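Colleague: Here are the chains, one letter per residue:
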Amino acid sequence: MTDALLWRITRIGLAVVAASIALFPFVWMVRTSIAARDSITVDGLSPLPATIDLSNYVRAWEEADLGTAMLNGAVVTVAILVLQMLTCIPAAYAFAKLPFRGRGPLLLVVLACLLVPTQATALPLFLGVSGLGLADTLAALVAPFATSAFGIFLLRQHMVTIPDALLDAARADGLRTLATLRRVVVPAAMPAIATFAVFSIFVHWNDYLWPLLVARDPALHTPPLALAVFQQADTGQDFGALAAGAVIITAPVVALFLLAQRRFVAGVAGGELPG
Amino acid sequence: MTAVLERPATAPARPRRNWTAVALLAPAMTLIALFVVLPGVLAFAGALFTIDLTDNSWEWAGLDNLATVLVDPAVQHSLVNTLVYSVLTIVPSLVAGVGLALLAQTFTRGRSLLQTLLFLPFTANLVAMAVVFRYVFDLRGGFVNQLLAVVGIAPVNFLGDTALALPTVAAIGVWRAAALAMVMFLAGLTAIPTAVHEACAADGVTGWTKLRRVTLPLLRPVTVFVTVLTILQSVQVFDTIDVLTGGGPQGATETVLTMTWKLGFEYYDLGQGAALSALLLVVLVGIGILRRGALTR
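Residue numbers (my numbering), protein chains in the order written: chain A, 1 to 275; chain B, 1001 to 1297.
Bear in mind the hints are in silico, worked out from the structure with no lab data behind them. Incorrect hints may appear among the rest.
Quick list of simulated restraints, FRET-style, between CB atoms [stated by the list, open to error]:
1) B:Ala1026 - A:Leu175: 15 to 25 Å
2) B:Gln1076 - A:Ala139: 32 to 42 Å
3) A:Leu138 - B:Gly1099: 28 to 38 Å
Which stretches of chain B does chain A cover? Using the computed rule of at least three CB atoms under 8 Å from a CB of chain A, they are [said to hold, decoys possible]:
4) 1071-1081
5) 1094-1108
6) 1145-1152
7) 1177-1189
8) 1266-1280
Please read all numbers here as calculations on a predicted model, not as lab measurements. For glycine and all other residues, C-beta sits at the position ideal for the given N, C-alpha and C.
Please work from the sequences and hints to get the whole structure.
Modeller: Here you go:
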C-alpha cells in the first residue's frame, strides 16, 4: 500500500468520524421520533427502530400545541424581518451616503449598541415592557427587535461601496430619495440584505430567552418555548413525542440553512455574526 | 473581514443639517434608543433600587443589591460555573475547529459537502437539541449509557451528577462551537495566498513543520477572533442549560444568566437580578470591544 493511498484512507476515515459526530444528534432525533413508544429504549443502539410509528408526531403536535406555536413563530419572525428591513435599510443608506452633521458620532452609537447583547438587557427590557402593560402580547415579542444595530452596520458597510455615479444618475433621472432606495440602493445591496435576512430569521425563530420572559400565555408560545414547556410537563418520559416536536421546530431552520448556506457561511466566515 | 470605519468616498466640505437623513434615520434611532440604550441604562439604574413588580415601586437601595449579590454563595457558585464552562468549551472548540478546517481543506472534491455537514450543529435550534441530548445522556436507556453497557461500564448519571453535569453540558457546547470555529478557520486557510504554498514547496517545507511554522502563525488573527467569539457565547450560555438541567443538580450547572433569571423571576428580587445583569453587561461589553479590536486588525 502506498503512502498516498494510506493518507487518502485516513483522511476519508477522519472526515466520516467528524461528520458522524456532527450529525449524530440530528440522526438520533429523527430515529427516536419515528420509533414506537416501547421500542425506543428496547432497540437500543440500532440505527433504525424495530417498529416504525409516526403517531409520535400527532402526539407532539397536539399535546405541545405546536400548530399555534409554529404560527406564532412565523408571525413573529416575519414581523421582525419586515420591520428590520424598513428601519435598517434607510438608516444604513443615510450612514453610507448622506452627509449630515453628527454622522460619525451617531455611527459610533450604533457600533456601541452592537456590543450590548439582549441577554444582558433582557431583565430591564422586561421591566419596561411590563411597565407599559405589554407583557403577554405579540407586540412584546416583536417590538424590541424592530430594528437592529447589527443590520444597520452590516448594510452600511456594503452600501458604502455603491458607486456615487450610480446615485447621481438616479438623481439626474429625477428619482426622489425613496425611489432611489427602492430602485437603486436595494438591488445593489441585495447580497448584504439577503445575508442579514437569513441571520435575522435564524436568530428570532430560535430565540428562547425573550419569549420565555414575556410570553407566559400558552397562546403566545413560540416553537422553542412550546417544546421546552412540553418537555417540562412530560412525566411519562415520552421521548418519541419530544423528538418529534424537536424535528418539527428544527426543520424550518435547517431547510433555510441548506437553501441559503453559501450566504450564511460567507457571512459567518467574514465575522459578520449577530450577538 | 470588513474594516470597521473606513471613510466614505464622498466627504463633503461642510456637513449640514440634512432633513432627508434625519427622516431616514429617525425610526431606527428611536427604536435603538428605546430598546437598546434605555434598557442598558436601566440595568445599571435598576441595580440601585429594590423593585417590587406587583405595584412597580422602586425603592432606593444604593449598592446594597450588588453587595448582596456578590456575597451570595449561589451567585458565586454561578460565576465559577460560568468560568469553568467557558474554559471547558473554548480550548476543545478551538482545537477541533482548526483540526476540522485542516481536514476539510485537504479535500477538493466534496469539500463543500463536508463543510455543510460539519456546520449543521451551529444552525440547530438549541432547545430542540437539548431535548435530544437529554435523552442521549439519559441514565436509563440513553444512547451513551447503552453504548457504555456494551463495553461493560455501569450506567453513568451524566446530567444528575454534580461533578459530571457541567462537563456534559460543556461537551454539547463544544459540539456546537467547534462547527462555528471550523467555518472561520477554513475561511482563514482559504485566504492564505497560493504564493505562500508555492514558497513552502520550493523550500521543501511540508507536514508538521509547515503547519507549525507557517500555517498556524498565519491563522493567528482568525484564532484571536474565534476565541473572543467563543468566550462571548460561552458566557451567555442559557438555552441548553435551562432545558437540560435547569441549573441543577444542586446548582452544579447554574450560570450567570440562569442565576439572573432565577433572582429576577423565581425569587422576584428584580433589583438583585438587575445588579447581576449589569455585571454581565460590563463583562460582555468588555469582551465585545476585544472582538471589534480583533475584527479591525
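Colleague: Now tell me, hint by hint, if it's right for this structure.
Modeller: For each hint, the structure was consulted:
1. Separated by about 21 Å at the C-beta atoms, B:Ala1026 and A:Leu175 satisfy the suggested range of 15 to 25 Å.
2. Evaluation of the 32 to 42 Å hint for B:Gln1076 and A:Ala139 yields a pass: the beta carbon distance comes to about 38 Å.
3. Range check, A:Leu138 to B:Gly1099: about 45 Å between beta-carbon atoms, so the 28 to 38 Å window is missed.
4. Using a Cβ-Cβ cut-off of 8 Å, 0 residues of the stretch 1071-1081 of chain B lie near chain A, which falls short of the minimum of three, so the contact claim is violated.
5. Look at the stretch 1094-1108 of chain B against chain A: 5 of its residues bring a Cβ nearer than 8 Å to a Cβ of that chain, three or more, so the hint holds.
6. Note: the stretch 1145-1152 of chain B has 3 residues with beta-carbon separation from chain A under 8 Å; the three-residue rule is met and the coverage holds.
7. As drawn, the stretch 1177-1189 of chain B meets chain A at 6 residues by the rule of a beta-carbon pair under 8 Å; at three or more, the given contact holds.
8. Counting residues of the stretch 1266-1280 of chain B whose CB lies closer than 8 Å to any CB of chain A gives 5, which reaches the minimum of 3, so the coverage claim holds.
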